[in-house]
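Same order as they appear, the protein sequences are chains A and B.
Each residue of the first sequence is one higher than the last, beginning at 161 in this note's numbering.
Each residue of the second sequence is one higher than the last, beginning at 161 in this note's numbering.
Keep in mind the hints are simulated off the structure, nothing from the lab.
There may be inaccurate statements among the hints.
Copies of the same chain look alike in the list, so a pair counts if it works inside one copy or between any two.
For lysine-lysine, the following DSS-like pairs were computed, each having C-alpha atoms within a straight-line distance of at most 30 Å [stated by the list, open to error]:
1) Lys452 / Lys172
2) Lys172 / Lys442
3) Lys172 / Lys476
4) Lys199 / Lys330
5) Lys314 / Lys293
6) Lys294 / Lys314
7) Lys463 / Lys172
8) Lys286 / Lys202
9) Lys206 / Lys442
10) Lys452 / Lys476
11) Lys313 / Lys442
12) Lys307 / Lys286
13) Lys442 / Lys452
14) Lys330 / Lys307
15) Lys307 / Lys293
16) Lys307 / Lys202
17) Lys313 / Lys286
2 protein chains.
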Amino acid sequence: MAIKPGSFMNHKAYLQKLRDNNNPGELPFSIEEYQKRIKDVKCAMKQAQLDVLLISEPANLYYLTGFSTFAVYEACTLILPLQGSPALHVYPTEIPAAWATWVDDIYPFDWSEMDSLSSQLAVILKERELEGKKVGMELTRGGFIPKTFEQLKKLLPHNTFCDVSELVLKIRLIKSPQEIEYMRRSGQITAKGVNASLAAIREGLTDTDVAKAGHDAMLGAGSDFFCMDPIVNSGHRSSWHHATHCRVMLQHGDNVYMEYGGCYQRYTSPMMRTGIIGRPSKQVLRITEAVKNTLNLVIQGAKPGRTCHDVAMEVKPSYQELMSEMWFMGVCGYSVGAGFPPTWADDITVIAEGVEEVLQPGMTFHLPIMFRVPGEFGVGLSETIAITEQGCEILTEPDRDLYLVDI
Amino acid sequence: MAIKPGSFMNHKAYLQKLRDNNNPGELPFSIEEYQKRIKDVKCAMKQAQLDVLLISEPANLYYLTGFSTFAVYEACTLILPLQGSPALHVYPTEIPAAWATWVDDIYPFDWSEMDSLSSQLAVILKERELEGKKVGMELTRGGFIPKTFEQLKKLLPHNTFCDVSELVLKIRLIKSPQEIEYMRRSGQITAKGVNASLAAIREGLTDTDVAKAGHDAMLGAGSDFFCMDPIVNSGHRSSWHHATHCRVMLQHGDNVYMEYGGCYQRYTSPMMRTGIIGRPSKQVLRITEAVKNTLNLVIQGAKPGRTCHDVAMEVKPSYQELMSEMWFMGVCGYSVGAGFPPTWADDITVIAEGVEEVLQPGMTFHLPIMFRVPGEFGVGLSETIAITEQGCEILTEPDRDLYLVDI
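For reference, chain A alone in the conformation it holds in the complex (with noise of 0.2 Å):
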């Protein structure tokens, strides 16, 4: 069937369609504030003498410059330069993700030309002047697979490449108000699923059912998609760490265990909490008052001129007489912000012993203290905290115990 020459749109023409019909834009952020970023982000390239940056980790790209998909496998590429105008190069199902950006500079390929990524990227280095040159990148952060690394060494004979995996999330590291009002927003949205879910939990139905009161609750509040879909898991399969529901059915005595994550522009506050059906038992009680200490402890010990190793080790006896019948990770706290599945971790620090990064103001955390009994039972319960000039702001939900469904 004959179509007219130059009237099939391409990949190309699809992108320039959508600059012609200028639909609103969606950027959650000022441009002021992706400017800053930047800023901060060229300031740190200059003291490791990087001459350009190429960042692929999702929540990076989003952060840097408002580039948001569900679909982070798809291969996408920002290329900063120190010198001169920004670039995205991506995959064609993202097209409009890298309109929706501010970066005016975007190189789509088709899915045809997968195979050749790291020839087109090396194509964009040179054309841009960087051959020679040393490149930054993020080589043990998802987003950027080895084969197309080994391919563009071999390309750019003449570049240097260096793991700079920690840039962009050493500046991260430090939220700005506006994420901060967003993470309260997500703090809210996780608190309904959860109080939706424990009310939800009862002999006869399933832990899918549990799991399916916060899915409402929380996509009723707002939530964008989420990084993690709730979890929830009960009786000894709550002793297993990152099990999930799986159409379990709850019974009498079970402690029925959630985390929830709700979203809010890709933020997320999350937050655990342990719901027991029946009396629990001594044990039960005894491990659920250990986790409330804990949990306490680590929320008054957090401020700022603190390292994340003092706070670590000020809460470890409140749990260590325990730690003979108990698996515990030992790690208190981890950094949250922006995030995209398979994970809501911003995987910068963590509060635990041995980990000296000091507390400021604007760092978030995430406070995952579950115990769990290996075979028995797990007990959980966390917030989301952010650190103030003061102290700490809980994000998700002050009033935190093991909460027990009548039967």
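Could you slot chain B onto chain A? The hints should help.
What follows is chain B alone, placed relative to chain A:
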């Protein structure tokens, strides 16, 4: 605070306790099915002259061992030697997932040992007398970060490393009867979600409210956690490839597009549908007819013995004349099966021009026929199919059309 020496439950003791407790297992396939998969993989390893395979891609790990977790961002590797028993090297949070597999040899590491992943793997390979041997890795897939690969090559200078990203995927391409059965269950869950959301569309609600109805129905039907959360967009945003819900108000005249994948035992049969609020324009009707014709032709054409290319070329006339006004990538199908966030696509093959893969019974495809008029609207309809001896079986729903919302 003093604790008794040796009484501290570290990650190794946690694993031992889980073993001692011996909770019931949850493997979704018979041990015979796993044995057949391993046998097929070893056969392919022999052909590629590999001595050992390192697998970190989440769906491949799951397929071969039953290893299942939502935390697919944590480093976990299957070491599969051609001779001798396999082993799992896992992050501590994934110890229960490793314990739940059929693999007996488990090497858990502590969270504080994350920086030495590559040297731990090197030690395991040396212990198993695999130094100097040929190692197969999946270098174009997720799971293995570039830095670990770089370090591993330095630590094992006498080993040969080669990219075998397709090896396990090619075996996964043909689904077993049990896998097809899980995909049927998934298709039923998906259809419930889509139908609930279509029925929920109305002016004054948001795209997020529509997604909520889908979450609710799919969890209610027993879905696992999703590979991708329900995708919904409306109005001009339905012309944006890979946009999703974002608290956008539905308006009279809007197209409302959805793409859902209920998940059962990690298998997903996705489905797209489109509703419209009010009377569709002539252009919407014209595009919808083309979408329906194209989808029907793919379903009619998908038969064993034909190539993906042949099917794609056969359906091209049904939309080619519209290609001056709309965006369609030309991919009429992509293989689906077992998956984890962030995607349900199994990334093995596509039904598209130039792809010479021959269709065989047991292959499963999502047929994502969506045509988008940039900046204005999109119409998508799709099913998931399994190739049978005679043609194909629809795993989702046979009836499909634009859904008209009365106003």
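Q. Hint by hint, which ones does the structure fall short of?
A. The structure breaks hints 7, 9 and 11; every other hint is satisfied.
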